[in-house]
Amino acid sequence: MSFDEAFDVIVIGGGHAGCEAASAAARLGSQTALVTMNLDLIGQMSCNPAIGGIAKGHLVREIDALGGIMGRVADRTGIQFRLLNRSRGRAVQSPRAQADRSLYRKDMRKSLEGTPNLHLRQGTVLDLVIRGGRMAGIKLQDGRTFGASAVVIATGTFLNGVVHTGHETYQAGRTGEPSSIELAEALKRLGFPVGRLKTGTPPRLDGRSIDWSAFKPQPPDEVPVPFSFATDEILQPQLNCYVGYTSTRVHEAIRQNLHRSPLYSGKIRGIGPRYCPSIEDKVVKFADKDRHQLFLEPEGHDTNEVYLNGFSTSLPANLQQELVRLIPGLEETRIIRPGYAIEYDFVDPRELGPDLQTARIPGLFHAGQINGTTGYEEAACQGLIAGINAALTVQGRQRFRLRRDESYIGVLIDDLISQGVDEPYRVFTSRAENRLSLRYDNADERLEPYGRDLGLVGDSDWERFNQRRDRIALLWKILEDTRLKRSDKAYAAISSKLGADLGDSVTLAQLGKRTGVGLDIIRSVLPAEKLPGLTDSEIESGLADSLYAGYIDAQRLNVQRLHQHDGLQIRPDFSFRGLSGLSHEMVERFERARPLTFGDARRIPGLTPAALSMLLVHLTVRRHAA
Amino acid sequence: MDTIVALGTPAGRSAIGVIRLSGPDSLSILRSIVGDDHLKPRPSQSVLRSIRSNGSSSILDRALLSYFPAPNSYTGEDVVEISCHGSPVILRQVVDLTLALGARPAGPGEFTLRALGNDKLNLCQAEAIRDLINAQTEAAAQQALRQLMGELSARLQVSKQKLIQTIVQLESALEFVEDDLPQLKKRQIAAELTDVTTAFAKLASTFESGHLLREGLKVTIVGRPNVGKSSLFNMLLASERAIVSEVPGTTRDTITERISLEGVPVLLTDTAGVRDSTDRIENMGVARTRQAMSEADLVMVVIDGSEDLEVEDLRVLSQARSGRHIVALNKSDAPSFAVLEKSRPSFEARTINVSAVTAGGLETLRAAILEPFGSVDSSNAGFLITDARHYDLLVRARLEVQSSVDLLQEGASEELILIGLHNGLRFLGQITGETTPNEILTEIFATFCIGK
Ligand SMILES: Nc1nc2c(ncn2[C@@H]2O[C@H](COP(=O)(O)OP(=O)(O)OP(=O)(O)O)[C@@H](O)[C@H]2O)c(=O)[nH]1
Ligand SMILES: [Mg+2]
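Respectively, the protein sequence lines represent chains G and R. Here my numbering is used: the first residue of the first sequence is 1, the next is one more, and so on. Here my numbering is used: the first residue of the second sequence is 1, the next is one more, and so on.
The set of hints was computed from the structure by calculation and includes no laboratory data. All clues stand as given, with none of them false.
Derived pair list, reagent style DSS-like, types lysine-lysine, alpha-carbon separation capped at 30 Å: (1) Lys162(R) <-> Lys186(R); (2) Lys513(G) <-> Lys185(R); (3) Lys289(G) <-> Lys185(R).
No experiment lies behind these values; they were computed from the predicted model shown.
Next up, chain G with everything else stripped away, as it sits in the complex (with noise of 0.2 Å):
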């Protein structure tokens, strides 16, 4: 069979994952399609309209620092910026911003044509098509089939979808369109185990109806801190959100009509969020909670819809109407589009390796949603790190992948293809052995060398980095040479401020080691003329560095120690099966992966602690015994 068009690589799904893929695969030079069911909801936000937040917004700038898009996208579109965390340490801050939900979509529908080599196209993918047990193409529904020896399936909550409103159920990818029935039958068929999972989305509201001074303003940072390190200025008018509260007679009338509720009835057997929870749950699991908090969050410069953070319900769209009433400040307010809980397929990550190929598959990627996860960030970088990949397989190039140590995206991919998930999986600041290292503002240092040297960082952005690199190294080194006496002016104030004896003489980089040292204390030291072209942000940053180092140092000790057997060898011919009391699966992982030290062993994915333990006192205890 010949195919009607042929590609390098087919991206399927234009969502956040999607995007991503086939932005990075044409921009490596691969002939690229995206296919998608309909084009103009390429980029769309399905939940709420917002990017970033603790952990994610880390995300967005590693995603920007390989040469990804979402950043830049979601700076153009940014209609109020806030920096969360601020009082707190450098390495928990984040960025975050709620964006125009249709200019999102517009801006990056017309990224993606801006892109050579990249080729949009509109169909539903029926089947997959495998020869001599390797990816070769696709095959569409109006007929149409494109070649591609590697596919990034990207399809979000589509596989399987089912909404649910009430009693009320559907066959649904995203309300209003349709779902994927029959990919997520392929990928059954191929043998990939299949899970399901949940989510759900909070009613949207019209604004016009709304009494807004029963709602507490929150306004956007003052001084915007954008996603992408290449923009220098948020242009979007920035508007405020509002916080509100339910009331205990929103509870009562939840708690008397659960049995209306698909969660409560039994009927949705997905696995939800835990940390995304509905307000039915909300008010079964805190009972004792006589409010909940509600964010409203403007949908766009454009719109009247505002969408009601913290609300998220499948109860029957007419009771979620009536229960909106009932919350202060809504009593006059019309739904414009109820909520609902939707239901989709996911495949089991563990199928993946850390390229996000699977292993029953060559050729065949899997990215996003699919892979278990939730939220539009942790679908965006899995797109760019699959559609890197595919790009890079076809090429016959090494592929790419990111430790833990030195990404949130590889803590992500990591705990995806070890752990497997059981609940929709989000990143965490918590889920990161080294979160002290792993900052928004130094994810350029982490990985804008590695986007570079793929070719997705152009010479501009290079540019950029390079000097921005250069300003901190000096600042680096200003910091480490002036030297705060206690002869100078500044000493009494600044040794008043941090309420310590600071000695006869220290430097600003020891004194940066000590909390509460902020820009202010440097500001007071050295006049603007010493530090030439660095902005506050880069003293926070070169602060930052000065704060942790020392902890930074120590905790590697500490792993080392936890980590004291990695350097004990297993001989190559090493017999797993002869360990005594390990089950056959392990025994498979073990064989399969054949480690050399236990160093190696310890990264296995899908290894039990257990098993672990088992071949440790296998390579320490026997041996003394012997």
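Using the hints, position chain R with the ligands against chain G.
Chain R with the ligands alone, transformed into the frame defined by chain G:
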């Protein structure tokens, strides 16, 4: 997975001998050797059957059979126990029968390893089994048993929970800034964490006694020739183990024997008398005495109280002074002992008057040996840390949590305070079993209503 077999009771003649099988074929092997294809003893019930060698009608033994189906058995696999009469010949034959039916002889500790692999035991329980098997005295076995019953894990549980709760509060404050969470009460958190460090310190401080209980106390008897070292050694042993004679220089080499004092295992070493000599062999013995002295936890200097102090007595005393030591003033039965009493200088160390001949002062001497190590009350005293690994982990955990308390008081940001808490929990996890990041998240979602 194969099926393993081993004797569960010590080799040698005994009233009964237990053969243990573990693995998927345990039951079918059992059925074959009793010739009953339907046999299936109910859990916790024993049945009496005849064991026949393959195909033959002659009965090898009448045995009590028990069956523990997976996962409710020691190893977590199907386990069969066959209690035979304790003749080594019979036992050998029954084991051979099971081998012929496909079982494999178990390696050392293999049953325990399998239990570990099937999550039936945590690491510190597995260690306890090792200790129980190696226990040198009743009291040491008691401690191992308590650890096996999970007492160490249970004692650490309260602190672990406090640690996890604190981590949950601080992590939530970091990760869910936009959620409506209660304000952190830093003072309360500091108090909770101080409870944790105190608990760790208390438990760690039992290691000195616990260590003795497990490893035994090394006591070396020294003195110049003929003061009665070997006589005292025999007295403490309650057996004529060492040669005693009136000839100075009788003992040429060190002899070590094990005794139990109040349940504490004591390794008692008799040595050659220390003096300047031209005899090559005697000098080699004296070198060994020095060695034994340096390895001892406690040195017992014997001085002949029926004679005047000699230069050599003083020399031995000064050598012993660098470590823990006591003085046994021997031959208190001799008439001259009382006469010399008044002119004798008093010694720096605890001094006990004894007589190896009358056994006078024996009880005082026994008590004095244990005295420098605090009271190791064997049976009903508190729980003791006996394992150096556990001690080390507890000390590290305490230091880590302490560093967090310090940072908290300095007003540091949560991500810094959390470092020591996570490390502390990780060290603790090496005793009680790991706490995964996912378990922490589960705690967070159970504690706070998170999520927009
Ligand atoms: N009256 C009396 N004689 C004792 C006592 N203890 C030991 N003797 C005698 O002292 C002599 C030496 O006893 P040992 O026990 O052989 O002395 P030792 O210190 O081991 O001597 P070396 O091995 O030669 O260094 C023997 O004749 C004992 O019978 C005691 O308490 N009272
Ligand atoms: Mg002697």
